[in-house]
Amino acid sequence: MGEHLLEIKDLYVQYNTDDATVYAVNGMNLTLDKGEVLGMVGETGAGKSTTALSILQLLPPKVGEITRGSITYDGTDILNAKAQVMRGLRGARIAMIFQDPMSSLNPILTIGQQIHEVLELHFPSMSREEMDNRVDEILGLVGIQKHRKNEYPHQFSGGMKQRIGIAMALVAEPELLLADEPTTALDVTIQAQILQLMKELQQKHNTAMILITHNLGVVAEFCEKVCVVYGGEIIEEGAVEDVFTREKNHPYTQGLFESIPKLTGPVERLVPIQGFMVDPTNLPKGCSFAERCPYATDRCRAEKPGFYMDGTHGIKCFRYENAKGEA
Amino acid sequence: MGKYILKRLLLLIPVVIGITFFIYLIMSVAPGDPARLILGENATAEEIAAKRLELGLDDPLIVRYINYMAGVLHGDLGFSWYSGYDVMQEFLSRLPNTVTLGLLSNLITICIGIPLGILAAQHQYGPIDYTTLVIAMLFSSMPAFWFGLMAQIYLSINLKWFPATGAGDLYHFILPAITLSTGGLAGQVRLTRTSILEVNKLDYVRTARSKGCSENQIVMHHVLRNALLPVITSIGGHFATILGGAIVTESVFAIPGVASLMINAVKVRDVPVVMGVIVFISVFVGVVNLLVDLCYAAVDPRVKLTA
Amino acid sequence: MKKSLALVLVLTLIASMAVFTTASAAPDKESVIVGCAAEPDCFFPGHTKLNTNMDEVPILHNVYESLIKLGPNNEREPLLATEWSLSEDGKVYTLKLREGVKFSNGNDFNAEDAAFALNLYGPSPNGAAQLGNYDFTEALDEYTIAIHLTDPYAPFLNALAGRYALMFDKETYEEIGEDAYNEHPIGTGPYLFTERVSGDHVQLDYNPNYWGEEPSIKHVTWRVLTDTNTQMVALESGEIDVLTRANIAALQNLMTDQVEWQAKDASSIENLIFNCAIAPTNDINFRKAVQYAINKEDVNIGVFNGAATVGDIPIAPGFSGRPDAGQYEVIEYNPEKAKEYLAASNYNGEPFVIATVSGSNDEVSAQIIQGQLIEIGINCQVNAMDGSTYNDATTSGTFNATNRFGGVSVLDADGMYYTWNKANATKNGLYFDTMRFSDELDQLMIDGRKGTDDAQRKEIYAKACNIITENAWAVTIFYDVNAVAYNKNLTGVVARSLNGLYFFNDWNWN
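Residue numbers (this note's numbering), protein chains in the order written: chain U, 233 to 559; chain H, 130 to 436; chain L, 51 to 560.
By construction, these hints were calculated from the structure, which means they are not laboratory data.
Heads up, some of the hints might be wrong.
[Said to hold, decoys possible] Straight-line distance between alpha carbons at most 30 Å, and here's what the computed DSSO-like set of lysine-lysine pairs gives:
no., chain 1, residue 1, chain 2, residue 2
1, L, K220, L, K268
2, L, K268, L, K152
3, H, K433, U, K381
4, L, K220, H, K289
5, U, K381, H, K132
6, H, K180, L, K472
7, L, K268, L, K472
8, H, K330, U, K314
9, L, K99, H, K396
10, L, K513, H, K180
11, H, K180, L, K99
12, L, K152, H, K289
13, H, K289, L, K268
14, H, K330, U, K381
15, L, K220, L, K141
16, L, K220, H, K180
[Unchecked claim] Sample of chain L residues lacking proximity to chain H, with all beta carbon distances greater than 12 Å (derived):
no., residue
17, K79
18, A88
19, L100
20, E138
21, G140
22, E228
23, R246
24, R295
25, N396
26, S438
27, T476
28, E509
29, I517
30, K538
31, L551
32, W559
[Stated by the list, open to error] To be clear about the criterion: a stretch of chain L counts as covered by chain H if any three or more of its residues have a C-beta under 8 Å from a C-beta of chain H, and this derived list gives those stretches:
no., region
33, 172-180
34, 247-260
35, 274-284
All values derive from a computational prediction rather than experimental measurement.
Yeah, the Cβ is synthetic: ideal placement off N, Cα and C, and Gly gets one too.
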């Protein structure tokens, strides 16, 4: 296989707080190629955001610690990269869109200034006029009237603020876009608009994207690949068709699908996944889902399952051990 | 914005009335007869009575107050009962000294306090952080009269770098300004430090980092302006106290300022002088508060000045 | 960006100060800078509404001149009066005035001015306190005046050397009024009043039209330094050349060889005076207990490091009319006797409250006395207040005793009159009657004022002091001491009994 754009190998990340150590990411393996759109699904606290932040080395200093593994971006070793190298990557080649648009923008700078900043940082040779044009262009693309670029964030609605965030992330035409639940804080109608917008821009520039979400529907619509994260690990991964045909799924993924309310047929009670998310300060020895899994065996509880591949579809569960081989 | 400023200034009037009335009341009920003080120990009963009549000391309080304020509205602050000089002139001749001292000392507090606070925040929990806090607390704990005296002895008498007393050229104000600035230093450092640490945790700082800003750029463009908002308020508060607050420093360095004018007037119950100074101070504080609010609005676009 | 702006600002500030620096000028042989403790603000002794005080008086005696000049040992010298004589009955003083003297505005000084001035001063409350028994003055010819008194007044000539004999220009006064005269004082003295900057300084410059000898010191700057430490620092650093009314304890701790200082018995006396109308001080045995329980030596040491003089009667040493030792009774410190008196009294532990002025030497001495009284079992408390409150308090009779110094500008035993003559002390009943008076004492006070014969006066005052001592109406604690500190290169500075009498034209630099 050719060089992947992004390769995460065996990544372990923990948060060292005063009370306890939180093991947020436990052996994450991930690859992404140029132009690919990967959906990252999982509940809150599964370790999705942490992974994204790790790629950009944006973990809270001192508290967040990467203890094992490697992240390689286009041949660059991220975890050992110098600060200057990271600064060159951030915003220009890898960009991030954050979850809460209300707080992600600097309240005392105009939106124009904030988008401008990306260009000033990475294209210092660009003329003032060129930069202005670029800003106007990107604002137009995200659907904000360019005469509003001298207004301040508080003068915009939530949806528009997120568009500004997208504009900031895309103005330098990055190769990789990390979108951390970009629509979770917005209402449904706006959600659709934003996602549509992102899809258009992604297609236009062939940007690779990791779309983090807990909404399976969104993944189905916009992503080619999907990975399901639980307890800091990827427990299922594959093309969207593989995962969504529901022939073979990790029990957790199954549970996720079943807990979606059905619009057709008689309405019965919702079927949640019993139990609670695994405690990241106290991870079990065996499979992290074993406690909640209806199919769990003693082996599950004692031993960690491997990642069993069937073509492009991989599942981390002993039930699929006898598939075509291990990853 | 013009409407807002006008409204604020108009609102100042009842505030000034309230303060001046209150002070007038206190001065009236305080023990001590101004007439006796003015005439001296040898005055006879008749003379004292005549003086009291002349000064209107036996009129009802409200009448006296209204007469006084009527005069103020015409720009007439009256004459000192004790020295006979025109109150406005006395005040104005002292004002430049106090303002110079106040401005300079505030400048020092800001120029030393804010950078130290930034430094401490950037090296949080490190040795630099603790050192700056200890230094700031050390200076704040030293009483002005002691610090001033030490400064006079070491820097004036021994090293001859600065004059020890008096208010002449700018050189005369350095030691007093340093002495006066120490009091607010710890507060300034701590406030700046806390403010910066809080802003550092906010999401938009992370966004800035994700765009590729260097740490310096983050501090200068994103953190500082936001972190300095509470600092502006505290500076404004400090500044408002310069008109009456430097009494010890003025005394130690023999600077004829507004504070000593007022204190001496209080001691001899010289009501016109006390009232004159109070009127000025209340207006000054009101104006400074207004300026702080305007500054705030200028720096933070979220703030709307509702007229 | 803002940080560097601030940095630039500060650097510019510092740089500009380097440019503007006025390093302390090399000692100028013609100028002197004098430090004083409080702001001088009244420059016309004849002002009817304003009062002059101790800080202005030296300025007054250099801008104006009195009729007679008092030397350092209280000898009388001619100044604006060249000769004087007293009538047989002691009631008329005839003075010959110096001819050819002009005020600084060019007007002549003559008898008309002198008579006018004295007739203004005499009846005024403060003037009358010095010009005792004053009646009127008439000009006999252009350069002779006759001052008429209602009765003889022994220290009258001293009064003619004081601030209520400072001559001013009648013509100008009548033209511009007292307020304007106060702002631009005009006198015959060797110095002109150049300017006053509020709270900072008063500037005096040599009067080129002065009738007398040209002084060596041509410029005097009178600076205000309210804090004692600041005064010492200014002396040490050379920012002032002379310090009047200097604090002796501070001077004794001064460690520099650039400064010298002198002290002299002052004209003020500290007395502890009882309010005999309220308990427990209405009991003579109690008062006697206090009399014997006070160790005045200790007070002297505590307040002045021993530099002052322990007191016995309310007349300072050196005052005219003071009885000789042996003529009057002296109470010696005797704690045993004090306890006896206390036991004999009706005292039951009630508080004995002494009123005094805070921040003064009187407060310190009251506290020392308090300690001494507590030792013999008296529940003594000290209530120190600010000046205004104190004035109110003393006339309301709420305290058992007051501890306060009082100055006598005429340097005479007659100073007692104002405290011990009932009518005067209570302002004819206006103030609370502290019941420490008697008709006999009243009469002695009146006789003492009028007396002309020295021996006779001494007897009168000896009697008066004994009455006070026997009745234990007051205790004289100490006689104050005046100190003046000056740059060792300045000669001619002499400590004076009266704080006002520093004559700048007597000084010169080496």
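Against the structure, the hints come out as follows:
1. L:K220 / L:K268: Between K220 of chain L and K268 of chain L the Cα gap is close to 27 Å, so the pair holds against 30 Å.
2. L:K268 / L:K152: holds, 19 Å
3. H:K433 / U:K381: holds, 19 Å
4. L:K220 / H:K289: Cα-Cα ~49 Å, so violated.
5. U:K381 / H:K132: holds, 28 Å
6. H:K180 / L:K472: holds, 24 Å
7. L:K268 / L:K472: Judged against 30 Å, a Cα distance of about 48 Å means the pair is violated.
8. H:K330 / U:K314: Since the Cα atoms of K330 of chain H and K314 of chain U sit roughly 23 Å apart, the hinted pair holds (cutoff 30 Å).
9. L:K99 / H:K396: Given pair K99 of chain L, K396 of chain H holds - Cα atoms ~18 Å apart, limit 30 Å.
10. L:K513 / H:K180: violated, 38 Å
11. H:K180 / L:K99: holds, 8 Å
12. L:K152 / H:K289: Cα-Cα ~45 Å, so violated.
13. H:K289 / L:K268: holds, 27 Å
14. H:K330 / U:K381: Measuring from Cα to Cα gives roughly 26 Å; hence the hint holds.
15. L:K220 / L:K141: holds, 25 Å
16. L:K220 / H:K180: Holds, because 25 Å separates the two Cα atoms, which is no more than 30 Å.
17. K79: Correct as stated: the minimum Cβ-Cβ distance to chain H is 21 Å, above 12 Å.
18. A88: Given a closest Cβ separation of 8 Å, the condition is violated.
19. L100: The assertion about L100 of chain L is violated, with a minimum of 5 Å to chain H.
20. E138: holds, 30 Å
21. G140: holds, 23 Å
22. E228: violated, 9 Å
23. R246: The claim is violated: R246 of chain L sits with its nearest Cβ about 9 Å from chain H, within 12 Å.
24. R295: holds, 15 Å
25. N396: holds, 31 Å
26. S438: violated, 3 Å
27. T476: violated, 10 Å
28. E509: Given a closest Cβ separation of 27 Å, the condition holds.
29. I517: holds, 23 Å
30. K538: holds, 16 Å
31. L551: Its Cβ never comes within 12 Å of chain H, the nearest being 20 Å, so this holds.
32. W559: The claim stands: W559 of chain L keeps its Cβ more than 12 Å from every Cβ of chain H (closest is about 21 Å).
33. 172-180: holds (count 4)
34. 247-260: Coverage by chain H holds here, the residue count being 4 at a Cβ distance below 8 Å.
35. 274-284: Result for this restraint: holds, n = 8.
Of the numbered hints listed earlier, those contradicted by the structure are 4, 7, 10, 12, 18, 19, 22, 23, 26 and 27.
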